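Peer 1: Sequence:
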Amino acid sequence: MVLSALRFLFARRSESLGTLCGLFWRSLRAEGIGPTWRRLRGYVGTVNAAATTPLPATTTRKDVLFVAGCPGHPRRWRCEHALERLQRAGRDGDIVDHPAAPLLDYIDCYGEFVLQRVPHDASVEAFVRAAKQRGKRVVVDVDDLVIHERYGPQLPILRGYSELARELYVQQLRRIGRVLALVDEATAPTTTLANELRATFPHLRVAVVPNIASRAMVERSLAVIAASPEAPSVDRVTLGYFAGTRTHDADLASIEPILLELLRARPGVQLLLVGDVAVSSSLRAFGARVQVRAAVPWQELPHLLRAADVHLVPLVDSLFTACKSELKWTEAALVERPVVAAAIGPFRECIRHRENGWLAVDAAGFAVALREAIDDGPMRRRLGQQAHVEAMAAATMPRSA
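In terms of the working numbering, the sequence shown has 1271 at position 93, counting the first letter as 1, and numbering is strictly consecutive.
Hints may be right or wrong, so weigh each one.
[As the list claims (entries may be wrong)] Just the calculated beta-carbon pair ranges, DEER-fashion:
hint : residue 1 : residue 2 : range
1    : ALA1235   : LEU1438   : 52 to 60 Å
2    : GLU1303   : ARG1444   : 17 to 25 Å
3    : HIS1481   : ASP1286   : 43 to 51 Å
4    : LEU1438   : VAL1494   : 16 to 24 Å
5    : GLY1465   : VAL1494   : 27 to 35 Å
6    : SER1406   : VAL1470   : 19 to 27 Å
7    : ALA1541   : ALA1308   : 48 to 56 Å
8    : ARG1462   : GLY1289   : 48 to 56 Å
9    : LYS1240   : ASN1373   : 27 to 35 Å
10   : ARG1532   : VAL1494   : 20 to 28 Å
11   : ARG1352   : ALA1267   : 32 to 40 Å
12   : ARG1462   : ARG1315   : 28 to 36 Å
Source of the hints: derived by calculation from the structure; they are not laboratory data. Note that the structure is predicted; figures quoted are calculated from it, not measured. Even glycine gets a Cβ: it sits at the ideal position worked out from N, Cα and C.
Start from the sequences, fold in the hints, and give me the full structure.
Peer 2: Okay, here's the thing in structure tokens:
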């Protein structure tokens, strides 16, 4: 406990103790002890996790330093995988986590810096200005529509938040936007998100840098395929829905009537829900046919992805969802599983209807596609295999530099 407290006090760089104490009392008055304790525990946990990442030596001389401002999937796909891609191209770099890393200490250690969803504070601004004065390249990478406070109303995650929680989230958008305003370059995984960056920050030069799966992820996916060949039985079909955050609750709700109809009409249909999912009482009424699993470490994800015969990617049509990347298609394709996806954003680009997956323009189209996916086993497997071939060609690391 003492070690954890000391680590937090050492690593905390972006917020003063006065600011944190003020927020603690505001939260306590507005929301009570339960939400306040969860918020405090989450913040301390994030800072401490950042502090446990070993820092590079300040004598190092490498090409790129990735500064991860958002743990979890964004760090893995946009920093860890990006660093691997860099290394396979013959360059080198490191990853540090905000807010634990003293960025100014590394200003002469790297030629380029990538700030992945790093929010503004005085130390970040001082670092960016000093880096630019030294002729260092500073790029901001964003993987979601979290680029400016004006997009707050577009974010489904804010529905159901308390007034204080919404204020804090919008404040985070504002802080990321302030960093974007300081730099000259940005990157994003999709064309739609890149266009929003250009529209919001006309001074930015924006490049599209697609998500690429790591070699370790590919190897685990191939091992899962080899260990679980297709069964000849068509008596049971599992539909899989994987959610990283509660931002997707409205998406699942948009096709729930279809899922309920299929579960009632087809006794062999099962539903696998993974991650932070709000499961309705109507779905829970089907008992063991609706399996609910917590999110798993990425090393275990291919096995769970393979457990579903078809993956569901319903999306409520909005700018927020249009800016998302095609990761759900990529992850499913790596284990030879097809998806039924809403025809929104990048899914319209990576999926060719009934060739490497299914696209649905509305709820009726989703119902038609799902029935075909359930009833036509050979087609389901063919689409999954074709998606796998294409994902291996376009969304994975080259085998050699």
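Peer 1: Quick check: does the Cβ-Cβ distance between ARG1532 and VAL1494 fall within 20 to 28 Å?
Peer 2: holds (24 Å)
Peer 1: May I ask you to test the hint 48 to 56 Å on the CB atoms belonging to ALA1541 and ALA1308?
Peer 2: Holds, since ALA1541 and ALA1308 (Cβ atoms, about 53 Å apart) stay within the stated range.
Peer 1: Could you check the hint for me, namely that LYS1240 and ASN1373 are 27 to 35 Å apart, CB to CB?
Peer 2: holds (32 Å)
Peer 1: Indicate whether the distance between the beta carbons of ALA1235 and LEU1438 respects the range 52 to 60 Å.
Peer 2: holds (57 Å)
Peer 1: Confirm or reject the claim that HIS1481 and ASP1286 have a C-beta distance inside 43 to 51 Å.
Peer 2: holds (44 Å)
Peer 1: Could you say whether the range 16 to 24 Å given as a hint is met by the Cβ separation of LEU1438 and VAL1494?
Peer 2: Holds, at about 18 Å.
Peer 1: Given the range 19 to 27 Å, decide if the beta-carbon distance of SER1406 to VAL1470 lies inside it.
Peer 2: holds (21 Å)
Peer 1: Within 28 to 36 Å: is that where the Cβ-Cβ distance between ARG1462 and ARG1315 falls?
Peer 2: violated (52 Å)
Peer 1: Per the hint of 48 to 56 Å, is the separation of the Cβ atoms of ARG1462 and GLY1289 within bounds?
Peer 2: holds (54 Å)
Peer 1: Please test the hint of 17 to 25 Å on the beta carbon pair from GLU1303 and ARG1444.
Peer 2: Violated, at about 57 Å.
Peer 1: If you check the beta carbons of GLY1465 and VAL1494, does the distance land in 27 to 35 Å?
Peer 2: 28 Å Cβ-Cβ, so the 27 to 35 Å window holds.
Peer 1: Could you say whether the range 32 to 40 Å given as a hint is met by the Cβ separation of ARG1352 and ALA1267?
Peer 2: holds (35 Å)
Going through the hint list in order, the structure does not satisfy hints 2 and 12.
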